[in-house]
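Protein sequence lines correspond, in order, to chains X and C.
Residue numbering for the first sequence follows my numbering, starting at 19 and increasing by one per position.
Residue numbering for the second sequence follows my numbering, starting at 19 and increasing by one per position.
A couple of the hints might just be wrong.
A few chain X residues facing chain C, derived, Cβ under 10 Å [to be verified]:
id	residue
1	32
2	82
3	86
4	107
5	146
6	229
7	236
8	240
9	247
10	265
11	267
12	268
13	464
Rather than coming from a laboratory, the hints here were simulated on the basis of the structure.
Using N, Cα and C, we set each Cβ at its ideal position, and we do this for glycine too.
Number of protein chains: 2
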Amino acid sequence: MTVNTFAKACTDAPLLTQGLAEFVVSHPSQGWDADVDHAAHRTFINWLGCAIGASGHPTLAAALAAVADLEPSSQASVLGRMERVDIASAAFLNGISSHTFDFDDTHLKTIIHPAGPVASAILALAEKQRSSGRDLLDSLVLGVDVSCRIGNMIYPDHYDRGWHITGTTGMLGAAAGCARLLNLDVAHTVMALGIAASQPVGLREQFGTMTKPMHPGAAARAGLMSALLAAHGFTASPHAIEAPRGYAQTISTKVDWNEATDELGKRFEISFNTFKPFACGIVIHPSIDGCVRLRNAHGLQPDQIAKVDLKVHGLVLELTGKKTPRTGLEGKFSVYHSCAVGLMFGAAGESEYSDAMVKRPDVMALRDRIHAVVDNSIAESAADVLITCTDGRKLHVLVEHAIGSTENPMTDAQLDAKFNGLVEPVLGSTKAASLRDVCWNLSEQPNLVALFRAGCP
Amino acid sequence: MTVNTFAKACTDAPLLTQGLAEFVVSHPSQGWDADVDHAAHRTFINWLGCAIGASGHPTLAAALAAVADLEPSSQASVLGRMERVDIASAAFLNGISSHTFDFDDTHLKTIIHPAGPVASAILALAEKQRSSGRDLLDSLVLGVDVSCRIGNMIYPDHYDRGWHITGTTGMLGAAAGCARLLNLDVAHTVMALGIAASQPVGLREQFGTMTKPMHPGAAARAGLMSALLAAHGFTASPHAIEAPRGYAQTISTKVDWNEATDELGKRFEISFNTFKPFACGIVIHPSIDGCVRLRNAHGLQPDQIAKVDLKVHGLVLELTGKKTPRTGLEGKFSVYHSCAVGLMFGAAGESEYSDAMVKRPDVMALRDRIHAVVDNSIAESAADVLITCTDGRKLHVLVEHAIGSTENPMTDAQLDAKFNGLVEPVLGSTKAASLRDVCWNLSEQPNLVALFRAGCP
């Protein structure tokens, strides 16, 4: 990347479409530190677990039925399922399932969920063209870098305006990743990014409906198709991202070009990707984390717990103060249920938020021994947990940064446990274990045959 | 439609998604005046001619190659071609070809090209489910009404911001038309509109590239898929269009709700659709029209013309002042070439803008006898044409409103001639004639077999 690449175009905008294309095309394979590559492996395994975990959800069933109306070819896998579809539909469907549980990755600076659009698009393409695991990882790192940098550039105004930033930046990351995987040259990659720039997907108004997870799916599809169109000579503006009537200035009032260009090729946004340990709103993660920590440190059994006293930030009770949830979904809005399952199972994944789980007598009994009060000295990222045991012991922890935050990321072992919780109910423990092994060794896989063998029933 | 349907939702927004869905579902077949139905026939024949005319263009070839990468099923026709593809891809491809020549319809109040997204989506769906011509026309009128009303609501701020309004409203019209054709009930049609609302396509920066005509194609595809998803139970916000973080308020600073709701079911926007007689920028249409009028009135042959003096608006020479165009595309930016072919052939369609045509000695010779000056008394919609004949006669016309404007619409015979000029080079005159007959009698077609038999080679 030379300085000239970002010479001024119109007004103060750099030649961003061209510059990002040069970066995506020419950056060396694995041209980053080991911790970036490790973050890429973690991003991939977390995304894969989420996609497989939700593969039986009604959201995916409805989307699959619509795709089936097109009688698609059998080019690519729908993760966690027997059906095969064309690669664009696979990108669409896997993107949907990966975001259905709202349990996927978060780039905290922009609240983009970057893997959904990018990984869904490149994996479908990689399956068809028998790419190596290394090539897949390279395109994941570069694709995520493009969408998150674009996100940095327009966040928060763009998001505040009403756009669901995951799907309105993701088509650019997906196009970048697919262009890399297709070995497009710079000129064609410029076109791929340009074609994608016309297709942002997603409104925040859709939160709470199936259309929310459709956003990363449709962005994945749009990015993949943009790369295929470019490969066949389809044209777009070479300044589609930065021109006065291009993507950035049309879709956002704030555009900070430096956010897209600074330290390009040196700082990789995938390094800042975070993973949710618990399948609920982030506001109650510190409380759950405190319960799990005390449980594990003291080998606590539910019947040893006389009562639990939580001191929490005001938002916790405002958003998740439901004392007697009646469905699994309501359980996600109950700090009491969430802490109860944390104490009982050491986990609060999708299975701990089933309808059956919130009605289990032992869970309900433990839940009713949990009390929470708002304490103004407790930060939003913190929680104070005090457990009184039946033998009189008092166990205490103040969680300052919950597991899953930037300051306190999930360990690989914890990611494995999350993956197991999502994948084992769908594929069984043997396939889950084999898939986990493939993922952690993705960089060494000559092709993805083993991944797809393990990733579908 | 009751008044209550548009009861206030949030702030001052009416329940627009619900209201439009009720309208689309419940409005009677052919529930409008005969002139509205006539406008629908004209809209369809003009759209079909444009799509077939551009079916051999490199833009469509590149798009088709990308679609072929998906190995699509053979559900639906690509107009003017032998290939068959799935219905979503047919919507995409026919939408692209219909806008490739920039020769399609214009809803002047919003400069939306409404048929591209709507007709492309409904025709593909109609082919698969063997709909009648009547059902197709009903869904065309209603779909166009939805996208143009949404356009009225947000134009011009939305367009000024940089969006290509054809593709950013068209997915709603396409979803509405497809929902009608699928016989969805109100609840499912609300969802179809909601899903579509998340998928606006198109930036003005793409003008001059293949991505411009991709916008109506991608909007057609998005609208069709939204209706299919809704049919299978996929959900979206029931207030996706009007909510504070919904479509309208996210995508436009100006939102005039009344434009969407006033006289709904009484005034139909398709009535205001206009058609271009000449395959070039509208600014030189008055000059060409004047030349054609004098040619036809006096039976002029080129060798009878000594010289032509044009008085034109300043924009004409600023935008189309090219004296010696070297390619067909450059010919579109030459008032001289345009008037020469108008005088010689009585037409300025795509065939009059071929590379060969601008190099024809007789065309060049006539072109060089045409002179143009800016006259500040001439309006943008007007032109003053004075022809001096070799026998000394002076022939004059002042064109106030060119053919194709709202004040002076093309006649059906002129639309037929335009259609022939576009379709005959692709399908031959026999098929063109038979297709024309089908189109003018579309309302009586029990199915569309005859249309597709004539519409492909």
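Do the hints match the structure? See the list:
1. 32: violated, 15 Å
2. 82: holds, 8 Å
3. 86: holds, 9 Å
4. 107: With a closest approach of 8 Å, the residue 107(X) hint holds.
5. 146: holds, 8 Å
6. 229: holds, 4 Å
7. 236: holds, 6 Å
8. 240: Result: holds, 8 Å to nearest chain C Cβ.
9. 247: holds, 4 Å
10. 265: Result: holds, 6 Å to nearest chain C Cβ.
11. 267: holds, 6 Å
12. 268: holds, 3 Å
13. 464: Violated, about 24 Å.
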